[in-house]
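J.: Each chain, written out:
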Amino acid sequence: MQKNAYLGLGLVAAVLIVLPFVLPNSYYMDLVIRMAINATIVIGLNLLIGFAGQISLGHAGFLGIGAYASAVLPTHFGWHPVLAMAAGAAATALIAGLVARPIFKLKGNYLAMATLGLGIIINIALRNEAQWTGGPDGMAVPAMALFGYELNSDKQWYWVVALLLTFSVWASLNMIDSPFGRALRALHGSEVAAQVVGVNLVRYKVTIFVLSAVFASIMGSITAHYIGFVTPNFADFFHSIELVTMVVVGGMASVFGSIVGAVLLTALPQALATFEGWETVVFGSVLMLCMIFLPKGLVPTLAAKFSKGN
Amino acid sequence: MLSQFLQFLFSGITVGATYALAALGFTLIYNASNVINFAQGEFIMLGGMLAVYFAQMGLPLPIALLLAIVIPAIVGIVMEKVAIEPVKGADTVSLIIITIGASLVIRGLIQVWLGKGTFSMPAFSGDDPIHILGATLLPQSLWVLAVTAVLVASLWYFFSRTLTGKAMLATSFNRTAAELVGINTNWVLFLSFAMSAGLGAVGGILVTPITMTSYDVGIMLGLKGFVAAVVGGLGNGLGAVLGGLLVGVLEAMGAGYISSAYKDAVPFVLILFILFFMPRGLFGGKSTDRV
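First to last, the sequence lines map onto chains A and B.
Oh and the first sequence: position 78 is 64 in the working numbering, straight run, nothing missing.
Position in the second sequence counted from 1, then plus 3, gives you the working numbering.
If you are wondering where the hints come from, they were derived from the structure by calculation, not from laboratory data.
Some hints here could point you the wrong way.
[Claimed, not checked] Using C-beta positions, here's what the derived DEER-type ranges look like:
| hint | chain 1 | residue 1 | chain 2 | residue 2 | range |
| --- | --- | --- | --- | --- | --- |
| 1 | A | TRP264 | B | ALA180 | 43 to 53 Å |
| 2 | B | TYR160 | A | LEU92 | 14 to 24 Å |
| 3 | A | ARG171 | B | PHE276 | 27 to 37 Å |
| 4 | A | ALA(-1) | B | TRP116 | 43 to 53 Å |
| 5 | A | ALA253 | B | ALA156 | 30 to 40 Å |
| 6 | A | ARG171 | B | ALA180 | 51 to 61 Å |
| 7 | B | VAL184 | A | ARG168 | 36 to 46 Å |
| 8 | B | ILE80 | A | ALA259 | 30 to 40 Å |
[Said to hold, decoys possible] Incomplete in silico selection of chain A near chain B, CB under 7 Å:
| hint | residue |
| --- | --- |
| 9 | VAL183 |
| 10 | THR266 |
| 11 | ILE278 |
Note that the Cβ used here is the ideal one computed from N, Cα and C, for glycine as well.
Isolated chain A, as found in the complex:
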């Protein structure tokens, strides 16, 4: 890891430690928890989009698998929540792997199509299997319990989520500089060149896709337990787009950009609450303006400006 990365990791950890003592009330506490959850998901998605240059338009589908595993298995079959979460992650890995192998032999547009199709199929299944999932109305999720100790207050959840976020920042910073990360960046730069130096394209792409899908599934379970309720909207196309927006706004291929993107776009709907109905327009405009004027995203653009100034 580079020095700057350590600095950034330290900063993230420091902010996360201080935050609960300065947040004025539980509304902000809830908002920050949601931001942290989204940031963790987006870091995983950014590994795929930003570092490997592959797009997923169905990531909310994987969130949905995790969330519904945590809702359905404990409710209908009496499974322990941790076991249910693991089962969701395993199912996600299996589905993502099965789909990814043939798809990654193709290029850009086709992966977008396939992930989009997969996400929509998952969402339709969640809506229609009402006897298990409660259909479009959704269902309640039992509380998460660790070692017989139930997680229910916002404070407890905050520390769990903060820990997960810090861990994922640390893990992805490490991964980017590992041989695996370098191979990913190489294949983003030039697939041919990467192949020439011995990078097995399909294997690396499949691995990172499955990894980021499992990431999403686990965070889907966490979100479901935290909110205590899931609906199919959690797994719909628009949510997938929201996640991609966070990656793009914060900055592709930037771990800290992912956090910034998640924080900004989680706060945006709250800020827009008074303009009921305009959220979609604003979301779309942000997406377009970012890609046109800041194609590298906020954090990388600012970082480049800053280092040039020095």
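Following the hints, put chain B in place on chain A, whose structure we already have.
T.: Chain B in isolation, oriented as in the chain A frame:
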């Protein structure tokens, strides 16, 4: 048995024709610029919504319909000028995201302006069904099929017999070479957005009396049009039309014989199979990448 099958076939071909028009729109833009336009579905929605709006305003039907085709075409042109031309040559991911952004803006604006309601308009020539071998066919379905057939035929004429059409084809084969022989490829890009938005709008107008419309129908219609374009082999015009009809018919059969709740999943299951087993689509040619 036969009458039931025919019934599913009729409704499948009717929606399929809309998918075919959407798929043609995808193909036009893809050939001109290699952009997958995720806002294609919004043009379909715009066509239907604007037709209803202008018709309810009391405008004579032909004028209302004309406006409902011209305005989406202008929207397409604006989108191309504002969002696509400035970033020419950006990578696939960026372009996909820009067109998704455009689709959200269009959908959001219509939602704010016309609300979240569901709208319909009277069929062009009455609702008396035609009986064929025990199945019924709506007169509007004939409109859908006839107009689609005319459009496909004129597109074929345009691309094979006119200079502008040939210039567009040349651009899709090799942009640089086209520029070298003096084709204005920016004009081609401009034209392809206008045409594909117009095509989408026509599709949206034609099915509105049958399927109704609302601000959010564009997502599914557009995605299914995209599926149809990929099924037919991305970039292949005839393939897009056949792909559209195939997706429509399979969807109607799936809804009729398997489960109507999973109707919308049929095209996406189909596309996963196509991508797995014949990634160039049913009618796509072989191609090799240059290093």
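J.: For each hint, tell me whether it holds in the structure or not.
T.: We went through each hint and held it up to the structure:
1. TRP264(A) with ALA180(B): 43 to 53 Å: holds, 45 Å
2. TYR160(B) with LEU92(A): 14 to 24 Å: For LEU92(A) against TYR160(B), whose Cβ atoms are near 33 Å apart, the range 14 to 24 Å is violated.
3. ARG171(A) with PHE276(B): 27 to 37 Å: This hint holds: roughly 33 Å between Cβ atoms.
4. ALA(-1)(A) with TRP116(B): 43 to 53 Å: Roughly 47 Å apart at Cβ, these two residues keep to the hinted range, so it holds.
5. ALA253(A) with ALA156(B): 30 to 40 Å: Check failed, 53 Å falls outside 30 to 40 Å.
6. ARG171(A) with ALA180(B): 51 to 61 Å: Given range 51 to 61 Å: violated, Cβ gap about 33 Å.
7. VAL184(B) with ARG168(A): 36 to 46 Å: holds, 43 Å
8. ILE80(B) with ALA259(A): 30 to 40 Å: holds, 34 Å
9. VAL183: violated, 14 Å
10. THR266: Since the shortest Cβ distance to chain B is 3 Å, the answer is holds.
11. ILE278: Where the cut-off is 7 Å and the nearest Cβ of chain B is about 6 Å from ILE278(A), the hint holds.
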